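A.B. asks: Note that the protein sequences, when read in sequence, are chains U and R.
Read in order, the letters of the first sequence are residues 1 to 516 in the working numbering.
Read in order, the letters of the second sequence are residues 1 to 505 in the working numbering.
Warning: the hint list may mix true and false statements.
[As the list claims (entries may be wrong)] Output of the computed footprint for chain U on chain R, the stretches with three or more beta carbons under 8 Å from beta carbons of chain U:
1. 29-43
2. 104-115
3. 121-132
4. 355-364
[To be verified] Some chain U residues flagged as far from chain R (calculated, every beta-carbon gap over 10 Å):
5. G224
6. A250
7. A326
8. H403
9. L426
10. G463
11. D510
[What the hints assert, rightly or not] Straight line, CA to CA, 25 Å or less: simulated SDA-like cross-link-like pairs of lysine to any residue:
12. K7/R to R245/R
13. K377/U to P366/U
14. K7/R to H53/U
15. K7/R to Q116/U
16. K173/R to E267/R
17. K477/R to R501/R
18. K377/U to A431/U
19. K7/R to P357/R
20. K307/R to A326/R
21. K477/R to D73/U
22. K173/R to G52/U
23. K477/R to A36/U
24. K409/U to L458/U
25. K477/R to K409/U
26. K377/U to L24/R
27. K409/U to A311/U
28. K477/R to H44/U
29. K477/R to E39/U
30. K477/R to L56/U
31. K477/R to G347/U
32. K7/R to L244/U
33. K173/R to R249/R
34. K307/R to P357/R
35. K377/U to G347/U
36. K477/R to N337/U
37. K477/R to E409/R
38. K7/R to G86/U
39. K7/R to L56/U
40. K377/U to A118/R
Derived from the structure by calculation, the hints contain no laboratory data.
Treat the numbers as computed from the prediction; the structure is a model and nothing was measured.
Heads up, the beta-carbon is just placed ideally off N, CA and C, and yes, glycines get one too.
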Amino acid sequence: MSAEVVSPSPVRVEVAGSPWTVEGGKLQREFMSLAAPGESDRWHQLQALQRGHLPLEPLIVQLVNGAVSPQADLLAALWGQIDRAGVERLLASAAGADPRPWLEAARQELPRLALQPRVIAAWLDPLLVHQTQVDPSQQLCWLEVLAHFQDPRVAQRLRRRVLELSRQGSTAPARPDGRVAALPLLPLLGRQRQRQDAPLLLQCSLDPGPLPWRRAALEGVALGLSAWPLPLLIPALERLAEDLSPALAAQAVDLLARVPGGQRSLRQLDGRRMEPSVAARLQRRLLCTPLVLVVHGRQGGEIPLVFTDLAQQLAQRRRAPVLLQALTAEAPMADANFWHQAQRAGGLTMVPLLLLPGEHVRRDLPALALAWRSAAKAALGESAASRLSLRRHPFLGSWPTWHALLVEKLEHAAAGRPWIWLHHPLQGRLAQRYLQHLARVLGRVGLAAPEPGQPLELPEGVGATGLVVPLGLAPSRMAESLNMGGLAPCTWEVLPPLLDLPGVRTFLLDRLEALA
Amino acid sequence: MAAALSKIEQAKAELCGLELAPRLAELAAQGWDSLDEATLTIRLKWLGIFFRPVTPGRFMVRLRLPNGVIHADQLAVLADALDRCGEWGSADITTRQNLQLRGLLLEDMPPLLTAMEAVGLTSRQSGHDNPRNITGNPFAGIDPEELLDTRPLVEAIQQRLLAADGPRNLPRKFNIAVGGAPDSFLLHNDLAFLPAECQGVLGFTVMVGGFFSAQRNALAIPLGLWLRGEQLPAFSLAVLRHFERCGNRQARNKSRVMYLVDELGLEGYREAVLAEFATLGGEASSHDGQHLVTRAPRSGLGVQPQKQPGLHWVGLSVPVGRLDAAAMAELAAVARRHGNGELRFTEAQNVLIANVPADRLEALLAEPLLQRFSPTPGALMAEAVSCTGNRYCSFALIPTKTTAQAVVEELERRLELPHAVSTHWTGCPNACGQPYMGEIGLMGTKARHEGQMVEAVKLFLGGDMGADPQLAELHDKGVPLVQLVQVLENLLVERFGARRRTNVG
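Can you build the whole structure from these sequences, using the hints too?
C.D. replies: Below, the structure written as C-alpha cells:
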C-alpha cells in the first residue's frame, strides 16, 4: 500500500450515512414518520430520538391513537425523553395495554436511566398507579418494569409478591408454580438493597424449591451484597456452600470470599463434604495472610540460605508473600503485592523462628510488631490499616509440636549414641525455666555453648563418642566453631543445622503453610 | 453565547473519573445503585470500569494491554478474578488486542485493581473519551518479517499519554496504533504510525482520521509528516492536546478527529498539530505518505518460527475471542509450561504463545487446551471477528458471538475453502466489530420474515486490508438469521471459490 503524495482526497466511503444526523442540535430534516421496523432508517431515527433530537409530540400522538405500534425499540428510546404528562397519556392509551414491549424496553434501557431524577419524576408515580390498575394477569409483568426503579414503595410491592409466591410454593406444591415466571423479581429485589429483605432473599435461596428460583434469589443476594447484615448473611452462605446443588454452593463460596470475615467461614468449611468442583473452588478462594518469619540472622544482617529457600517454597505453597526479617538487619521492604494480599486476607502473620526465649523474644518481638502496624498505616492509610489484624505466633521453641519433633529427630540422629545439646548462653529466670523445661522434654540437661575460641568440655562420663547438637535452625558461629574450629572432641559428631534435616524442614513447611 | 454543554461534557467537566480511584472501595460498599448516573455510566470508565445495562450489577473491566502483550502471571490474576464470578464470568479478546472481563460485582473492583497493579496491569482510561488501548504488530520483537519492534514505542506512547499531564477530557475516544511490519493494516485508527523511510532512515509516516461509526466510515489519510520512533510519544501527546482543545464537543456524532481535519482542512490541521508539537520541543519532517505496509495482516496462527533461532510462537484460534476463567488459567499454565510465559493478543481476537523452544512444540501441540483453541482452525474460524453482541451490549440487535460461531461452524461443515475468508460481525451500526474491514461484513438488524420481525443481518462485501485498501460496501440490507447459512454458503461458492463437501449429511 502506498500513497503517492499527500492526498486531500481521502479513501473514504459513506456506507451508513443517515439523514437524521443533527447539526448544532437542530434537525436537518423535518420528522414526518417513524420508519417501520426493519427499515434501515429506523435505527438512526431512534438514536436521534434517544438523544432528544426529534420532536416527541407527533410520536406520542401516533402512539396514543394507534398509528404507531408500541414496539420495544421505540419505547426504549422514549424512556429518557418523555415527561410525566406524556407518560400518563401513553399508559392510559391502548399503547399501555400490553406490558411485553414495555418490559423488553425496560430491560434494555432502565437499568441506566432509572437513576436519573428526571426519568424517576416522569415515570415512577404513573407506573405505580398503572401497575395496580391493570388486569391481575399483567401485574407481574408491570411489576418487573416498575422494579427497575429503586424506591421503598417498589421494594414493598416486590417483597410482598415474592413472599406470596414463596408461601404458595411451600403450602401448595401441587399447584402450578408461579415462581418460575417471577424469577426476574428476585435479582430486582436484591438491587433495591433494602436491609430488611435479607432474610427473605436468603430464605428463598435456602428453602427447598425450584432450583432456578433459589439461584435467582442468590443472585439477588449477590447484587445487593454490601447492604445485607453480616450476622444474617454469613451463616446463610455457609449453609448454602454445603448445598447439594453445585451451582448454588459455588456461588455461595464465591460470595463468602467477598464479604468481611468470610475467610474465617471458608476455613471452617474446608474439609467438609462437598461436591468436588465446589471443594476445588473453595480451595481457590482460601487466602493466606502474608507471613513475616523472624529469624536471628548473622552478623551484618546476612540471612542464611536455608531460610531464603524455606521462604520461597512457602510462598509458593501459600500463594502469598513470605518475608524474612533478620533481627540483625533493617526490616524488609513490603511491596504493593504484600499489602494487597494482606488486605484481601484481612491481616498479616508474624512467626518468630527463634528457638529460645532470649532478649530477642522478650524485647525485640513486641517492637517489631509495633513497627509492622506502623508500616501498615504508612502503606494503606489509617482506616485500611485498622481493618488488618497482626497475628503474632509464639516463638518456635515454645511449640509443643516442636518439642515432640526434636525428641524424635535427635534420638534418630543419635542412633543410640550418647548425645548432648548446646544452646546459646541465656540470662534471666524465664530463660532458665525454659531451659529446665526443655531438659525435661529432651531427657538431658543442655550445655551453654563455650565462649568463642574455647574448646567444648563434655560432662564427665558421657562416653568417648557421641553426637553434639547445636540448637539452631541455620548455620551459626557456634556450630561452625565446633565443627570447623575443631573445638568439639574429634570423636564426637556435630549435627548439622536443624533445618538441614529433612523432617524438620518438612515440619516447618507443613505447619507454616497451614497457618491462616 | 457559548453553547450549553451536553450531559456528557458536563459530567466530564465536573469531575474527572480518575478522581474516583481512592474512593472506589467506599463507592462499592455503598452499592452501585446509589451512584449517580454520570458516575455510574461515564466516570467509572476512566478507571476502566463499565456499567452494563444488559447485566445491571455485573460490571465489565477493560484493560490496557499495550501491543497486546500479556504475561502468564498477569493472565492468571485476571483468570482468578473471573473465577470468582462463577458462571457470570467471561472475557473477550477485543479488536484492539485487549481484554475485557465481564460479570464482576462492584465490590470486586478495589481488590482486582490492586491485584492488577501488583502484576503491572492497568485499566486506566480504557473507555469513553480517552486514548484507547494502543495497538502494534502482534508479533513485535519475534517476527522474522518485522521492520521494527513496536513494543517499546507503544509502551512509551502509553506512558506519555497516561502521565499526570496527559489528556483526561477528550471530546471523543481516540485510537492510536503503531505499525512495524509489512502487514500492519492500521488505517481504521484515528492516528496511525506506519513504517516509512525518509532520506534512507526508517521511521514512521503519520496517518490521521480513520474511524468507523454509525454515521461515517473513513480510512486514515496521510498527514504528510514523518517522525523518528522516539518522537512518537510527544507527537501523540501533541495531537491529543490539540484534539482536546479544538475537537467538536457539541455533537458527539461529529467529534472524531477526522471531523476536525475536515473543519481545518488537511493543511490547516497539519499546521495546528505541528505548532502544538513545537510547544513540546518537537519538529517533524515533511513526507509524501509512502509507507512500507504492503499486504493484508497475517493471522499468525499455527506454529511459526521466530526471528530468534530455535524459538517459535504458536498462534491459537479463540473462537470469536471469547474466553472463560478456566481457559485463561490454562492458557497461562500452557504458556509457562512450554514458553517463557509470554502471550500476545491479536486484532483478529486470537492468542499467541511466544518463545516456545523447538523441543517443546510437540508437547504444546498435545495440550488438551488446543482441542478448544486450535492452531489450525478452519478457513472461516481463523478470521471470524465479532463484537460483543446483545448478550452484553444494549445497542446490539443480534447475539453476534454465538451466531457467528454457530454459522461459521456450520459453513465449515458444509464447505471446503481454498483460503481463509475474513468475516467481521457487528451487532449494530456503531460497527465495533469492524464489518467494513471484512471480506464479508455482517451487521445486526431486524427484518421481516414470514410476517414477523426477526433478527437479521445486513451483508457487506469487498473489505480489503491489502495493498489497495477498500471498505466493504452494502450487498444485502436484511438477511434473516434463519436464512443466513444458506445465503453465505451460496456467496462463498460463487465469489470465494468454496466447494460443497459431498459427504455432508
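A.B. asks: Hint by hint, note whether the structure agrees.
C.D. replies: Hint check results:
no.	hint	result
1	29-43	holds (count 10)
2	104-115	holds (count 6)
3	121-132	violated (count 0)
4	355-364	violated (count 0)
5	G224	violated (7 Å)
6	A250	violated (5 Å)
7	A326	holds (25 Å)
8	H403	holds (39 Å)
9	L426	holds (42 Å)
10	G463	holds (55 Å)
11	D510	holds (25 Å)
12	K7/R to R245/R	holds (18 Å)
13	K377/U to P366/U	holds (17 Å)
14	K7/R to H53/U	holds (14 Å)
15	K7/R to Q116/U	holds (12 Å)
16	K173/R to E267/R	holds (23 Å)
17	K477/R to R501/R	violated (29 Å)
18	K377/U to A431/U	violated (34 Å)
19	K7/R to P357/R	violated (54 Å)
20	K307/R to A326/R	violated (31 Å)
21	K477/R to D73/U	holds (19 Å)
22	K173/R to G52/U	holds (22 Å)
23	K477/R to A36/U	holds (14 Å)
24	K409/U to L458/U	holds (22 Å)
25	K477/R to K409/U	violated (82 Å)
26	K377/U to L24/R	holds (19 Å)
27	K409/U to A311/U	holds (22 Å)
28	K477/R to H44/U	holds (15 Å)
29	K477/R to E39/U	holds (9 Å)
30	K477/R to L56/U	violated (28 Å)
31	K477/R to G347/U	violated (60 Å)
32	K7/R to L244/U	violated (49 Å)
33	K173/R to R249/R	holds (12 Å)
34	K307/R to P357/R	holds (12 Å)
35	K377/U to G347/U	holds (12 Å)
36	K477/R to N337/U	violated (53 Å)
37	K477/R to E409/R	holds (23 Å)
38	K7/R to G86/U	holds (22 Å)
39	K7/R to L56/U	holds (19 Å)
40	K377/U to A118/R	holds (19 Å)
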